[in-house]
Structures are given as structure tokens and as C-alpha cells.
Amino acid sequence: MSEKKEYKVIGTRPIRHDGVDKVTGRAIYGADFQITGLLHGRVLRSPHAHARIVSIDTSRAEAHPGVKGVVTAQDLPAAEDKMADLGEGPVNLKYLCDNILASDKALYKGHAIAAVAATNPHIAEEACELIDVEYEVLPPVLEVRQAMEPDAPILHEHLTTSSLGDTEDKPTNIASHLQHKKGDIEKGFADAEVVIERDFVTGTVHQGYIEPHNATAHYNQDGQLTVWCSTQGAFTVREQLAEILQYPVSKIKVVPLEIGGGFGGKINVYIKPVAALLAKKTGKPVKVLMNRADVFEGTGPTPASYITIKIGAKKDGKITAAQTSLAFEAGAYPGSPVGAGAMCVFAPYNIENVLIDGYDVVLNKPKSAPYRAPGATNAAFGTETVVDELAETLNIDPLEIRLMNGAKEGDRRPDGPVYPRIGFIETLEAAKEHPHYTSSNGKKYHGRGIASGFWFNIGLESSVTINVNPDGTVNLVEGSTDIGGTRASIAMQAAEVLGIPAESVNPAVVDTNSIGYTAVTGGSRTTYATGYAAYEAAQDVVKQMKVRAAKLWEVDEDNVQFADGEFSSINGKEEQMSFRDLSGKLSQTGGPVVGRATMDPAGAGGAFATHVVDVEVDVETGKVEILRYTATQDAGKAIHPSYVEGQIQGGVVQGIGWALNEEYIYNDEGEMTNASFLDYRMPTCLDLPMIDTVIVEVPNPGHPYGVRGVGEVPIVPPPAAIANAIYDAIGIRMTELPMSPDRLLKALGKI
Amino acid sequence: MPTIAIPSLIRNLTDGEESVTVEGTTIREVINNLENQYPGTKAKLCDGDRIHPSIGVYINGVLTRVAMHDRLDADAELHFLPAISGGVSSDLYPDEL
Amino acid sequence: MVRKSHIQTTINDEAVEFLCEPRQSLLEVLRDELHLTGAKEGCNNGNCGACSVILDGRLVNSCLVLGVETEGKSVETIEGLAEPDKLHPIQDAFLENAALQCGICTPGFIMSAKALLDNNPNPTEHEIRYWLAGNLCRCTGYDKIVRAVLDAAAAT
Chain Y
545 MSEKKEYKVI GTRPIRHDGV DKVTGRAIYG ADFQITGLLH GRVLRSPHAH ARIVSIDTSR
605 AEAHPGVKGV VTAQDLPAAE DKMADLGEGP VNLKYLCDNI LASDKALYKG HAIAAVAATN
665 PHIAEEACEL IDVEYEVLPP VLEVRQAMEP DAPILHEHLT TSSLGDTEDK PTNIASHLQH
725 KKGDIEKGFA DAEVVIERDF VTGTVHQGYI EPHNATAHYN QDGQLTVWCS TQGAFTVREQ
785 LAEILQYPVS KIKVVPLEIG GGFGGKINVY IKPVAALLAK KTGKPVKVLM NRADVFEGTG
845 PTPASYITIK IGAKKDGKIT AAQTSLAFEA GAYPGSPVGA GAMCVFAPYN IENVLIDGYD
905 VVLNKPKSAP YRAPGATNAA FGTETVVDEL AETLNIDPLE IRLMNGAKEG DRRPDGPVYP
965 RIGFIETLEA AKEHPHYTSS NGKKYHGRGI ASGFWFNIGL ESSVTINVNP DGTVNLVEGS
1025 TDIGGTRASI AMQAAEVLGI PAESVNPAVV DTNSIGYTAV TGGSRTTYAT GYAAYEAAQD
1085 VVKQMKVRAA KLWEVDEDNV QFADGEFSSI NGKEEQMSFR DLSGKLSQTG GPVVGRATMD
1145 PAGAGGAFAT HVVDVEVDVE TGKVEILRYT ATQDAGKAIH PSYVEGQIQG GVVQGIGWAL
1205 NEEYIYNDEG EMTNASFLDY RMPTCLDLPM IDTVIVEVPN PGHPYGVRGV GEVPIVPPPA
1265 AIANAIYDAI GIRMTELPMS PDRLLKALGK I
Chain C
151 MPTIAIPSLI RNLTDGEESV TVEGTTIREV INNLENQYPG TKAKLCDGDR IHPSIGVYIN
211 GVLTRVAMHD RLDADAELHF LPAISGGVSS DLYPDEL
Chain W
4 MVRKSHIQTT INDEAVEFLC EPRQSLLEVL RDELHLTGAK EGCNNGNCGA CSVILDGRLV
64 NSCLVLGVET EGKSVETIEG LAEPDKLHPI QDAFLENAAL QCGICTPGFI MSAKALLDNN
124 PNPTEHEIRY WLAGNLCRCT GYDKIVRAVL DAAAAT
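Those sequence lines, one after another, are chains Y, C and W. Its first residue numbered 545, the first sequence is counted upward by one per residue in our numbering. Its first residue numbered 151, the second sequence is counted upward by one per residue in our numbering. Its first residue numbered 4, the third sequence is counted upward by one per residue in our numbering.
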């Protein structure tokens, strides 16, 4: 693969295929779905952060006019049955089910307890207030260091610390401990001439997608369950429903409707099984919608964390050792992204001696869910701030210290594997040359910061079929729900192969009965893996159509070649026919052509980003203003550059929100006190400047066009970049997120 | 012979060795031979006759969704790291990861 | 059952009659009674702007207006913006600028932008950012949305 390769479709900016539906309000999102006889469901949630459920009496709710059915955890298949099926998995499955409807304990405020189906949403809401739940309220534990204390309130009596197969005996909130060790950490610090060690705290933040969770479920009389919903992965929903409901996948069809944002938060199911239980109980289709408070309190945020970072370096800036301990809040059940955080924390740097310890800790907050590069932003906040301080202490330019230590192809990651071709250095060089970085920045209370970040990206399964139409267009069928323009980026890869315009491909995202297994839209995988499947399915089309051309021309198949949308005969007989013209002759040459491909590619290729930000700190109010922002990122190959820029800009702004304002604010009872968009303060357009992007293209050897995932890594650098800029502006190192006005004023000694 | 990078938390079972080379042409053979050389290691890496669901296997630096019967090159390098699956919690798919 | 009110109003230049409960918001009426689902519910308390419509020439969050309040008034929704064979220039500008990713906030942004351009055909970038600050987008970082509105203003 050559970097100079000329493409006709790839790298252009066509109008996305689903665009008109989405600007005219015609696109059907999960909550827009209508069906005859629809009932409306509503979930009753725990008012307590930690309580034993003594009893639930639903009789008053059931008697309320308009109510058609009430369900509780009793309506889920019994836990004993699940144990028999899953061998070692029963504990996990109990957690999974208990998070849908609590059986014995409520573990966070907002934990689902029961649900009602009624003839309209208002009646369902009224009926929820008629469900009598007796709680034995228990003390909550709300902070990761407190949860790790030996005398902390225990959430799960059977939970013990697992550590690579080793399990302790004593009940604890520390669900697991993991470790990476490379070289000799003591020698590394002994060799260092400067050592900097700092502690960092990050807050609990939410993905903040604008569309709340939704689900409509219906059981046919033959037992066929259909669920219409918005989700990042229809097949994932099917699998989770099958496990939770103990129901065969062959009897479940999941229909993905348009999705209003996910960022990792719409992979796990919450109300989908509840809608199914209510549909079963009532015999009617039931739609369940969350409101915004439900979304904040009842769905996965990404965890708060407590992180220590210690880095040592020679006077010339060469890092000799790095050590960290990462404690992540898993929420009510095990499963924080500390594993990913631990693998990303020092990933941008080639360091000989490393020790990384990670802890997954349960406490009384909603079970954490993935959020854009899960774990990496928390970790980078620590590392990138310490690297900045190291550069400052040694009087080295912060980009130069990163260039000196930055990971390249052949370097060994701190957790072991060797890097293939990666583009970290290129993002640093792009930042260094950018007019933003070379411009002056000398005003009082103005500061500039930089930071870098890494995210893995993943491959996983994707299936694509391509049906050739007689007019030379194709219908492309795929299973990746389109959150940000992936119909276009996938269709464009097929169009490039077939030598047709992007507009001649009609992409369709279909239900779980209509396409091969396709994993979630997540892990920055969709343009990479489903795009790869589209590429291969298009190659399959070309292969079959060469046979048709050979038939028409009465030549040997080997004598037909295809280039730039034209089939031609070589070796003697001169014939030529466009893809379009040959498409019109399929019925005469053997019938329809359907190309197909399934992929599970391994070479996702890591993504790196380097960001530069200018801020102004208002020392009277503590407000930080973003004046200018530039993000450089290795995209491998940008299929549709506008949507690559959009991913970068969106990730940056989520990172800015995480850095400056966003956090779950809890009172002592464990109630979130800011569960609305007014009080959970996400950035508006008035808070921001334009976000400049620089797309660096270091092709990924693991994809035919060199694509790397782009969606996740842009959220990783902003908090550290902004913290470094604040330091440059006012000389104070902020080590706690968010760096909100009150924290700034405290740091300035004003309150 | 394939090389196995030993996770730090089980180096107590390999006399502190950070990596060991063992005979074998499939994942199963390599893990069984590791177990013969360093008893107790297999139980850490496997759940019965499959890779433990919380572990991701990297072959030559690439995360691979291996099965025990997958073949290995003679110079393969294996790492056993926490499973990352695009944010999908690994407890959902015990059979897949 | 609560007795429903009979409301006569105008929606997208068409006379419309509907029945609604007094507690139902305009957003609920549009979506559940009239099946105009272009206006979205993101928060149901006026914080996100996804349900923005224009009521008698004024931009409102339809979740904060009661259905019964539209009696005798005129409502413009996203469904009424395009002509049968042609998109509105703001809609074109959103497509050409790739100003949407998931698209859930898009109808609200387009209605807010229309209300802005109806009142101020040549806004500055700052005026656009000020006017659109009541609409939340979590995907785009707003950059391409602001550019789309600047382009739409230049095109009209």
C-alpha cells in the first residue's frame, strides 16, 4: 500500500446517504416508533443509594385505572436456572440481571426496582408512585478510596478480590487487581535525575447523548419477541436479552432504529429487557422511555478515579521509569474500564522500566459503562500533566520531551506487545509546525498547554452483503448502527472498489434477522471493520462479475480484468464494458449478483492524538475560557474527511466538558444533586471557539485503505492539555477534574 | 519455539522469569507445556479448556480472539493481558473472549 | 380518564384540530397525537432545545408549552420546512457542512437557526453561538453547525 495512492471516492466529501431524512425530521429514532395497540411503560427507581429491599407490594398500582401490568425482579428467570447454564458465570449473570431490576438490594439511587405498563405514560408514572417498597436503608460508600478501606460498607457479600485467577477469601469492594511490570522499576528511578510524583482525582461523568434510552417490545403469540430500539449494537442487544430473559436468540429479533448518540453508553441494556417483560405480561406492545434524570441516575456514567503517577527522567529529558496506581469506580457492579486505562496510561512513551497497578472497585453509584476511549482520559490526565511538569522542571519544550520519548514502530508497549507502524511522532510534528503552536502567547492570565493520547481501537465481527441493481447502482446491507455518518464511510469503500460514485451505493442498516452477526458500533471499529467487510464484499461482486463478462465475451475468466469501473478483456480479444453496463446484463448471464463478506480483522491499529489549547483564566470568577484549540490526529486514511474532523471536534468538546464542568455531584446520602442538563453542565456553542483539526495519515497496514479508528482518541488529551494551559496561565497545577470555577478559586486561595 | 510473556502477577510461579520459551504449535500445546514446566500457570490463564474470559491474548502484538486449537508460528510471541472489547463488558460474553 | 380539550390551531400552514389532555405538552401532542416526531425529547425541561419549534414567530421549547396553549396560534415544525422538491437552505447547509452526526439534535438546531435568520439574516459567528446556546449537541463540538448557519445566511 502506498501513501500516494490516488482514490476517486475515498477522501472526498459526499452528502451522507441518510442526511435528508435527518434534516427533515423524517428519520425514525427509537422513541419515534409507533405501533397499533401500544402501551407505555415506566420504571420505578430506588430513592436510596444503598438499601436492602424488604418487600415490594404492587397491588395498589395494579388496581389503578389504565394499568395493564407491573413487573419486578420476580418476573426475571430465577438465578438458579442461570447458574446451571453458564458454569462459572452465574455471579456475573446475577449482577447483569440485578442491574435490570434489583432483586435483593438497591445499590445506587436510581436503581430500577419495578415497572408499570399502562395506556399512557402519565398513568404509568402515577402508578409507579402506588408501588409500596419497604427498604432497610444502609450506609452508602461513594468514593473509591473510602470503598477500598477495610471497614467500608460492603456492597456484595460474596465479592472477593480476583487477581489473575487468584481470589482472596475476604469480602471486599475491590473486585479485581491487575498489574503490568516491565524492566526494573527501582533501578529506573535510581537512574533518574528528576522524579515527579503527583496524585490525581477525576469526577464521575456521563456520555451525555441527547437521546434518552428507549425500547418497544412485543411478543407474538408464537413466542417471537421483537424489540425496536436505538442501540450501538443490535446483535449485542439480542445476546443480552437472550441471557437475561433466558430466551433463545432464534426467537428474538432486534430492529435498530436511528440512534441519537451513544459514545459507549448504548451498548449495555437497561430498559430493553423491562419492555420485554412488560410486553410478555400484558400481551401488548410496550414502549419504555427514560427521562433525562433516569439517564443520569440509572445508566452507566464513566467512573471517577484516583490515580497516582510517578515519572523519573534524566536531565536531558529521557524518561527512565514510570509507575502508577489507578483506582477506578466500577459503580454498583464490577467492570470499570481500569484494564484499558492501565494499558493506555504510559502507552505513548517508550519507557524501559514500568510498574502499573490497577484496581476495579465497587461503590454505590450506577454501574459504569464505556465512554469514548474508556479509561484512557482518566489515565492521560495524570500522565500528561506529569510529563508537562517534567518538561518545565528540565526546561525542555513540552513537544520536544514527547518527541524524545514518544513510541514508534518496534517499541514495546508498557504492557508488553510491540507496536506496529503507528503515527504518534507524526502528530507531534504536525502540532509543532502548526501556526497555533508557533504563534505568540504572552498575555497575562493566558496560557497554552499541550497533551497527547492513545487509544487501541478494535476489530471484531462485521458482515456486509452487496446486491447489484440493473442500473449499475448497488444496495449495501450492513449491521452497524450509524451514529455519526458510517453509512457514508462504509458505502464509500465499496464505491471505491466498484469504481462507482458514493451516491450509487444505497446503504441500509438492518435488523438481526437480515444480516450476519455484526458487533457493536464502538471501539472506533465501524469504518475500519465494517468498511473492511464492505471492501471485501465489493471485491466479491467484482469477482462474480468478471465471470459474467467472460461469458458475454466468450473468453476465459482469467482474461478479464477490472480497473476504474471498467471491465476489459486482455490477451487478444479487445472488449470493454463499464460496471454499469454489465450490471444491466446480469439477467442474461446467470441471474443476480450478490457479493458478501464477513470479517473479524485483527489489525485495528492504534490511534494517537496531540492537542494544543490556549486558555484565559478569569481570576475573579475562576472561569476558564477556551480561546483556541488545535487537534492533530493520525487517522490512517480519512475516508470522509468531514466526518473525521467531526469526530475529532466532538471528542475534543466532550473532553473540554469533562475538563471544566462536568461531574456527578453527590450529597452524603448518595443522591446525585445535578441530574439535569441545566445542572450537569455540558458545553454549549457559546462556550467554545472553532476547533481546528489536522488529520495526519499514517496508513494502518491492517486495512486495505489504511484506515484507523478515529472516534475515541480525541477525548483523551483535552483535560490534561487544559490543565497544562491553566498552569501556564496562572502557575497552579490543577490535579482534580473538573477544573470548575469553584476549584480554580480554591486553588487561587480566593475561597 | 514460541515465547510467552509471563504476566507479572504469576511470575511467582515461573521463578520470576518474565518470559519463557516453550515447545508447541497450538495455543493448547504451548499452555500445556508451560504448565508442565511451571505447574499452576495453566489454571491462571485458562478456565477449564479455554482462555479465561477476562484475558485477551496478543500474538505478535496483535489482539487475537484465539481458540485453544489455533496454530502458532515457531517464533510467535504471546502476551496475556486484560480483555478489552470496545467497551463491551467481558462478563456478557464468557464464551467469546 | 381526564377529559380532553378540543384545540384548533395551525401547524405548518395547515389548519389542524386535535384532542389533548390539559397536562400534555405541545411536544407530546406533536409526537404522540399528531405523529410529527421531528421534534425530539432530550430532557423535557427546556435545557436541550431538541424539541424547538416556532410558535407565532417565536422560538420555543415545545416541551415547555402546553398543547392547549396553541389554540388559535400558528406552529412551525421541522416537517414544514422543506418544499416538496427542494430542501430549505438551512437544511442544505447542514448537509453540505456535515453539521450532523447522530442527527437527534438536528431538527431543533435547524428550527433555532431559522428563527435566528428570520430575525437577523446576517448574524456574526458570535451572534450565532449566542442564539444557538439553548440547543445542545453532543456529537459535533458545534464547529460545523456554526459554519452551516453562516453558510445558510450567506446563501439567503
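To be clear, the hints were calculated from the coordinates, so they are not data collected in a lab. Keep in mind that a hint or two might mislead.
With a straight-line cut-off of 30 angstroms between C-alpha atoms, the simulated DSBU-like cross-links for lysine-lysine are [said to hold, decoys possible]:
#1 Y/K859 x Y/K795
#2 Y/K549 x Y/K638
#3 Y/K854 x Y/K549
#4 Y/K854 x C/K192
#5 C/K192 x Y/K862
#6 Y/K828 x W/K76
#7 Y/K638 x C/K194
#8 Y/K1087 x Y/K549
#9 W/K89 x Y/K552
#10 Y/K714 x C/K192
#11 Y/K1095 x Y/K552
#12 Y/K987 x C/K194
Here are a few chain Y residues that sit away from chain W, every Cβ distance over 10 angstroms (derived from the structure) [as the list claims (entries may be wrong)]:
#13 E755
#14 Y791
#15 G804
#16 Y1187
#17 I1295
Glycine residues also receive a C-beta, built at the ideal position from the N, C-alpha and C atoms.
Among the hints numbered above, which are violated by the structure, and what are their numbers in rising order? 1, 2, 3, 4, 5, 6, 12, 13, 15 and 16
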